[in-house]
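Can you make the complete structure from the sequences, with help from the hints?
Heads up: the protein sequence lines correspond to chains H and B, in order. The first sequence maps to residues 1 to 402 in the working numbering. The second sequence maps to residues 1 to 118 in the working numbering.
Because the hints were derived from the structure by calculation, they are not lab data. Some clues are possibly wrong.
Think about it this way: if two alpha-carbon atoms lie no more than 27 Å apart in a straight line, the pair counts; the simulated BS3-like pairs of lysine-lysine are [what the hints assert, rightly or not]:
1. K2(B) <-> K165(H)
2. K87(B) <-> K165(H)
3. K87(B) <-> K163(H)
4. K2(B) <-> K163(H)
Being a predicted model, the structure only gives us computed values, none of them experimental.
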Amino acid sequence: MAEQVRHLVDAVYRSDSRRVLATLIRLLGDFDLAEEALHDAFAAAVERWPSDGVPGSPRAWLVSTGRFKAIDAMRRRARFDASVGELARRFDAAANDAKELEAGDGVEDDRLRLIFTCCHPALAPDAQIALTLREVCGLTTEEIAHAFLTPAPTLAQRIVRAKAKIRDARIPYVVPTHAALPERLDQVLRVIYLVFNEGYAASSGASLTRHDLSGEAIRLGRLLVELLPEPEAMGLLALMLLHESRRVARTSPTGELVLLADQDRSLWDRDQIAEGTALVERALSSRRIGPYTLEATDWVQIVGLYDVLERVDPTPVVELNRAVAVAMRDGPAAGLAIIDALLARGDLDDYHLAHSARADLCRRVGRTADARRSYQRALDLTRQEPERRFLERRLHELGLNV
Amino acid sequence: MKYLCMIYSEEGAWGKMPPAEQEKWLGEYFAFSDGIKKSGHYVGSNALQPTPTATTVRVRNGKVSTTDGPFVETKEQLGGYYLIEAKDLNDAIQVAARCPGARHGSVEVRPIIEYERP
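Now the structure itself:
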């Protein structure tokens, strides 16, 4: 019984901890206080649910418990500091408003408030993404650091500074006004896309996809489309659904990587493809088309589309993707030239996918020794088990060909 | 909460402006000031003489040293400020965006710390 409850608490943590955090930030008005309260609430659940039974609405229970724990903690501190006592009294009065604790639509808005606050333009662009991944999606600092090719201490510092600015410059915890919404949406979409990528190709660990993160990004995408049916938001959601539809087919039963051309198409999720395609059509039928819509369309025009994407979002990773698309269109040598130029600039030297893409193209033009060197470099950099096995297999094949 | 909106621009540009254009900008500043007084944001404001009039003062080991010029030489200089009362940063940004300085230069918005005397 206790074991079952523990599993349930874990499941609720995975599915609801970010929602609970978003509401606690609104109620407590402070990121750090809310995080502390969140952990106290889950600790209380582990302790009390086995004997008291699981509450009817675990989320509402966690929010209310977290808030009372925070008030308690502040009261204890208030013995030393009168100003904290004033704060605690204020929260206490607000706690009587039971409506706020209900898990209704208002609570879903808290997640949007959190997203828009984390993506506030007064925060540095890097900090916006780092903070959203940390606070909205619950990624660890290390996972974010890897996704951004940044040292973990640098990233941790970025998050601490962003939180301090939210508090000290008083960045409000609100969804932007309707007039400001489209502009603020762009940054939010960029962040959601990166979250999705993090889930789709998780940066470390034995499993190549971390479904909860991709699912989380898709859920956020759906929520955004619902709140703000902009073509851009639809395009992003479509892109994510179309990628996600192939998730099962991407890995073999033994956990090996399966490339697009070799995938068993019967494993593709037809419902997600249908939903994604319908969204692309809806997005394309409006005149405003953004980078995510472009990325979701078919391979035929993909190089031209990457040209556009590169203009909208000029990052080395986009250039790398474009190089792979060029290789598909004009042959491996053309793609290889672009990747070599990219690597020569030094931007992606620590990015394992740049080296494995180079290795693959070298292999296809028959430059076996170069291919082997690049596979080896990719192997040194990757932290994913399935990718490691994939690269080892490739290296092994090349070894036999010599 | 109070914010200081500091107007940075290339101070040399002002002197090179035809008088009619100077008058146009002054008119816009007066209108902006009136606007934020009406909306209740205004706390105080001043324009500054250009940086050649600046003197920087330091006391080290009890000794006063004065040097000519601003604390740091920059491409754009602090030319004036508005002290405003705003609900939050979004509110302050909206006020700063209406300031003429945001168009001929840029406006740095900084929250004010209010210390309580014990």
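- request: Could you check the structure against the hints above and give me the numbers of any it violates, in ascending order?
  value: none
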